[in-house]
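S.K.: Whole structure, please, built from the sequences with the hints as guidance.
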Amino acid sequence: GETRVGLTPAGVLSLVRAGHTVYVEKDAGVGAGFGNDEYERAGAQVVYSAEEAYGRAETVVKVTRPTAKEHTLFRPEQTIFSFLYLTVSSPDLLQAFVKNQITAIAYEMIQADDGRLPVLLPTSEVAGRLAPVIAGRLLMGDRGGRGILLSGIPGVPPAVAVILGAGVAGINAARAFLGLNAQVIVLDRDLKQLHEVDDLFQGRVTTMITNSYNLKKAVTFADVLVGCVQVPGQRAPLLVSREMVRQMRPGSVIIDLAIINGGCVETSRPTTLRDQTYVAEGIIHHCVPNVTASVARTASHALTHAS
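Each step along the sequence shown adds one to the number in the numbering used here, with nothing skipped, and position 157 is 157.
Treat the hints with care, since some could be wrong.
Computed list of lysine-lysine pairs in DSS-like fashion (alpha-carbon distance at most 30 Å, straight line) [claimed, not checked]: (1) 99 / 69; (2) 192 / 216; (3) 217 / 192; (4) 26 / 69; (5) 99 / 26.
Taking CB as the label site, the calculated pair distances span [said to hold, decoys possible]: (6) 36 / 79: 19 to 29 Å; (7) 89 / 52: 22 to 32 Å; (8) 209 / 36: 43 to 53 Å; (9) 33 / 118: 45 to 55 Å.
Quick caveat, the hints were computed from the structure, so don't treat them as lab data.
Cβ coordinates follow ideal geometry from the N, Cα and C atoms, glycine included.
M.R.: This is the structure we're talking about:
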């Protein structure tokens, strides 16, 4: 389920002080640790259903794209802010937007003059830093993993984390894996990005250009494979084939953070926070599109500060 919330009480307070009326659906922030009373103290009016929220609001602020049920709640010419990822969403959503003349603003597509994606950035930071937390748990023997420690110990080598993509999520994943003393390899198609990774981590990360030869080689000796490939406005490129996955050692882990935009591994399919993993070709797959909802309070603060 979705536990993140589009605005924290602090965000509500800023809008109220700017002269806006803010409606918050009852219990919208509970999953992130924000009670209804906190929103009321910040100046929000708590409403008791999504129907009432949509019925009153000119602008709707969400985290995930509207559900099929919510399509029926749209009012003509409303503005909706959320992560949309229209390349992998239902055509019905786009049709509902057009029918109701909705101004839909996708967080993942908001771009600054310098090319940065300021709203996507903090979510990618959180997702990247979550990767070793997830990997460390799944590599344990009682979870079906290889029974290895990410950091290793003196005399026993650390786990090998292979990260696909040197964008914000990839760099933050590399930083977090390095913090646990794992061996880190980062692949990217952009040599300039790899130079930045090398400079940032002072040569402690192995970098490789993404091509079929290097992919096959890196995937084979990965204990953890993390997909961090992101192409704004497009479906994630499929980089890792089923045959490559078969070459991994049984009990290894794939964390496909690109699953929110279709996934970059052939064997990936979306999972949920309630049922996070499955095994394909002997490899544990973790493919939760809203993975940052597992740290909903941090993710909600990050989103509010960005927007």
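S.K.: Look at each hint and say if it fits the structure.
M.R.: Outcome of the hint check:
no.	hint	result
1	99 / 69	holds (15 Å)
2	192 / 216	holds (22 Å)
3	217 / 192	holds (22 Å)
4	26 / 69	holds (18 Å)
5	99 / 26	holds (28 Å)
6	36 / 79: 19 to 29 Å	holds (24 Å)
7	89 / 52: 22 to 32 Å	holds (25 Å)
8	209 / 36: 43 to 53 Å	holds (52 Å)
9	33 / 118: 45 to 55 Å	violated (24 Å)
Hint 9 from the earlier list is the only one contradicted by this structure; the remaining hints agree with it.
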